[in-house]
Structure formats: C-alpha cells, structure tokens
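Take the sequences, apply the hints, and build the full model.
Protein chains: 2
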Amino acid sequence: MKPRISVFVATSLDGYIARPDGGVEWLDVPPPSPTEDYGFQGFFETVDTLVMGRHTFEKVLSFDPWPYARKPVIVLSRRVVEIPAHLQHCVTASSENPAELASRLWVEGRRHLYVDGGITIQGFLAAGLVDELTITRIPILLGGGVPLFGALLQDVPLTLQFSRSFANGLVQTRYRVSLR
Amino acid sequence: MKPRISVFVATSLDGYIARPDGGVEWLDVPPPSPTEDYGFQGFFETVDTLVMGRHTFEKVLSFDPWPYARKPVIVLSRRVVEIPAHLQHCVTASSENPAELASRLWVEGRRHLYVDGGITIQGFLAAGLVDELTITRIPILLGGGVPLFGALLQDVPLTLQFSRSFANGLVQTRYRVSLR
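Chains A and B, in that order, are what the protein sequence lines are. Following our numbering, the numbering of the first sequence begins with 1 at its first residue and continues without gaps. Following our numbering, the numbering of the second sequence begins with 181 at its first residue and continues without gaps.
Bear in mind the hints are in silico, worked out from the structure with no lab data behind them. The beta-carbon is built from N, C-alpha and C at its ideal position, and this holds for glycine as well. Accuracy of the hints is not assured; some may be wrong.
[Stated by the list, open to error] Example chain A residues on the side facing chain B (calculated, C-beta under 10 Å, incomplete):
{"id": "1", "residue": "Leu13"}
{"id": "2", "residue": "Gly15"}
{"id": "3", "residue": "Ala126"}
{"id": "4", "residue": "Leu129"}
{"id": "5", "residue": "Ile140"}
{"id": "6", "residue": "Gln154"}
{"id": "7", "residue": "Asn168"}
{"id": "8", "residue": "Gly169"}
{"id": "9", "residue": "Thr173"}
{"id": "10", "residue": "Tyr175"}
{"id": "11", "residue": "Ser178"}
Written out as structure tokens, the structure reads:
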C-alpha cells in the first residue's frame with residue numbers, strides 16, 4: 001500500500017522546469033486575473049506531505065516567505081541536507097528510494113503526496129508510483145534546461161482528466177496514470 | 181521575404197515524435213469518431229509545399245500509399261536522396277539551409293510551407309523561421325526517442341491560438357511564434 005502520489009508542475013512548451021542555471025523567471029507570466037492560481041491552492045489542500053529533491057528545496061528556500069506553511073516536507077537526498085532552524089518543525093530529510101519512502105509514509109498515515117522537482121518526479125515515475133500529473137504549459141520555448149521527464153523502463157500510458165487554457169496562454173492538463 | 185512556415189505534429193507527453201528506433205505505432209490511438217482527423221486535412225489544404233528531412237521522408241515512403249497526393253515535397257539532406265520514380269514529379273531534394281530554402285521558395289511563389297521531422301523542425305525553429313506550431317499530445321510517456329524540440333540560441337516566446345481536447349485523450353494546441 002502507498003499513498004496517492006501527485007505531480008503539479010509548470011513547464012515550458014519544450015518540457016523544461018528550469019533553465020540550465022536553475023532560473024525560473026520565465027514562469028512569471030502575468031495571470032489572467034489577480035486571484036488566478038491555476039488550481040494550485042485547491043490541489044495543495046488535498047495533499048498531506050510534500051516530497052522534493054535537494055535542488056528544489058534549495059530553490060524554494062531562496063524564496064521568501066516559505067510557501068508551504070506548516071505542511072510536512074520531505075527532502076530526498078543522498079547527501080546531508082541543511083535544514084534551517086525555523087523549518088525544522090516541518091522539514092525532514094530522507095535518503096530512501098521512492099518505493100521505500102512511499103511505503104513508510106503510508107504506514108505513518110500519509111494519504112496524498114505532492115512530489116516536486118525534476119529528478120524526484122522522474123524517480124517516482126520510473127518506479128511506477130505516480131498516480132496523477134497536472135502540467136501547466138508556459139507558452140515559451142527555452143531550448144534547454146532541467147527537463148521534467150526522463151528515462152523510463154517502459155511506456156507510461158495516461159488518461160486525460162481535463163485540459164483547460166487561460167487567457168494568458170497557459171494550458172493546463174491533468175492525466176491519471178492508466179492501470180497496466 | 182519568406183513563406184509562412186507551419187509545423188503540425190504529434191508528440192508523446194514527454195515530447196518525442198518517435199521511439200529511439202523510429203517507431204510510431206503509439207500514435208495509432210483509436211479516434212473519437214471515424215472521421216476525426218484532428219484538423220489535418222484542413223491544415224494540409226492551406227500549405228503549398230512540404231519540407232522534411234531524409235529520415236522522415238524514408239519513414240513516409242514506408243507507408244503505402246504515399247499520403248501527400250501531388251503536393252510538392254522537398255527533402256532536406258546533405259547526402260544524396262533516392263527518390264522513387266513514381267514520386268519524381270512531386271518530390272525534390274535540397275541541401276540548402278532553412279533560410280536559403282525559405283528565400284528561394286518565396287521567389288518561386290510558394291506561400292505556406294509545412295515543415296516536418298525533428299531535425300528539420302529544430303533547424304527552422306533555431307533559424308527563427310517558424311510562424312506557427314500545432315502540437316497534438318498523445319497521452320503516453322515513452323521515456324526516450326526522437327525529440328520534437330532541440331537547442332535554441334534564444335528563447336522563442338509563443339502566443340496560444342487555441343487548445344482543444346478530444347474524447348480519446350489527445351490534446352491539441354496551436355501557437356504562433358510571437359514577434360520579438
């Protein structure tokens with residue numbers, strides 16, 4: 001048994017989540033209305049735990065304020081992760097692999113994980129653990145950067161849940177991973 | 181001056197137009213209705229010339245019958261391209277680069293090119309020559325293959341023209357390349 005596992009991520013049309021240097025300023029497209037959040041808050045309220053890689057954690061740390069309130073965050077890394085004192089009540093580190101982590105979190109009562117960051121998403125997808133992907137496409141080609149997707153041992157068939165576009169040109173699609 | 185230049189292509193959700201061995205059997209998703217062609221015929225009637233690379237040409241040759249009727253086709257290749265006798269009335273080869281080809285075709289009176297094939301599309305995009313991209317996403321992750329997009333010298337900002345989804349899970353988006 002494992003928790004439900006979801007991805008909610010923005011990419012360029014050519015599939016990058018960041019520039020080669022990690023830059024994400026191209027994500028700052030003026031929203032179609034001041035309160036439009038592309039469904040993020042509604043999604044975020046359904047998850048009980050975030051899982052991300054060290055690179056993503058360090059990028060999020062550079063934002064101020066910390067955007068995830070008191071929601072538990074697990075940082076996956078084979079190295080030691082420095083967690084600032086003011087976040088130690090909600091952030092922990094782990095060197096488990098995706099399947100080990102998912103099993104442990106299920107036992108601990110977690111029921112919906114939000115998995116973020118390129119390497120982490122790729123690891124959970126390759127392990128066949130992802131249930132749902134919500135992808136918001138920014139209308140730009142970057143030509144290079146940190147890719148959302150990576151190698152797989154086999155095809156991952158998907159079922160479209162919905163697709164919607166916004167007046168600023170963003171296109172959001174949600175897929176479920178189909179049973180095999 | 182150059183003709184209008186359009187791309188009309190299907191990709192996996194992870195951005196591949198073919199498997200590593202060129203396989204495209206995953207494109208054969210049952211259509212939502214027997215006559216649904218995702219707008220291809222309507223698009224095709226607006227173009228006066230096809231431009232494709234040698235790999236794509238050889239793939240299309242393996243289909244029977246030849247799908248492009250008598251529409252002029254130009255095969256880009258630095259090598260000699262063997263054109264079967266029954267296609268020599270409509271298929272020619274060229275070793276020009278994208279800008280040279282586009283200029284020549286404009287002078288010859290061509291007004292709308294349909295550019296196909298990964299390397300060819302990437303070459304026209306990198307040269308800043310593409311006006312419009314229509315991308316139909318198949319709901320599958322392949323994990324590897326022939327990528328639609330490649331490296332660019334600079335960002336390519338896009339403007340969404342439309343997005344629509346089909347009952348079988350395909351999502352089609354059309355973008356114009358924005359003026360810079």
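Here is how each hint holds up against the structure:
The closest approach between the C-beta of Leu13 (chain A) and any C-beta of chain B is roughly 6 Å, which is under the 10 Å cut-off, so the hint is satisfied. At a threshold of 10 Å, the smallest CB-CB gap from Gly15 (chain A) to chain B is about 5 Å, leaving the interface hint in force. A cut of 10 Å between beta carbons decides the hint on Ala126 (chain A): the least distance to chain B is about 8 Å, and the hint holds. With a cut of 10 Å, the hint placing Leu129 (chain A) at the interface with chain B is violated, because the nearest CB-to-CB distance is about 13 Å.
At a threshold of 10 Å, the smallest CB-CB gap from Ile140 (chain A) to chain B is about 5 Å, leaving the interface hint in force. Contact between Gln154 (chain A) and chain B, as hinted, is supported at the beta carbon level, the nearest pair being about 8 Å apart and thus within 10 Å. A distance limit of 10 Å between C-beta atoms decides the matter here; for Asn168 (chain A) the minimum to chain B is near 8 Å, and the interface restraint holds. For Gly169 (chain A), the interface hint holds, the least distance from its beta-carbon to any beta-carbon of chain B being 4 Å, beneath 10 Å.
Given the 10 Å rule on beta carbons, the hint for Thr173 (chain A) holds: about 6 Å separates it from the nearest Cβ of chain B. The beta carbon of Tyr175 (chain A) is positioned within 10 Å of a beta carbon in chain B (closest approach about 6 Å), and the interface hint is therefore held. The interface hint given for Ser178 (chain A) holds, since its Cβ lies 8 Å from the closest Cβ of chain B, which is under the 10 Å cut-off.
Figure legend: structure checked against the earlier numbered hints; the only hint not met is number 4.
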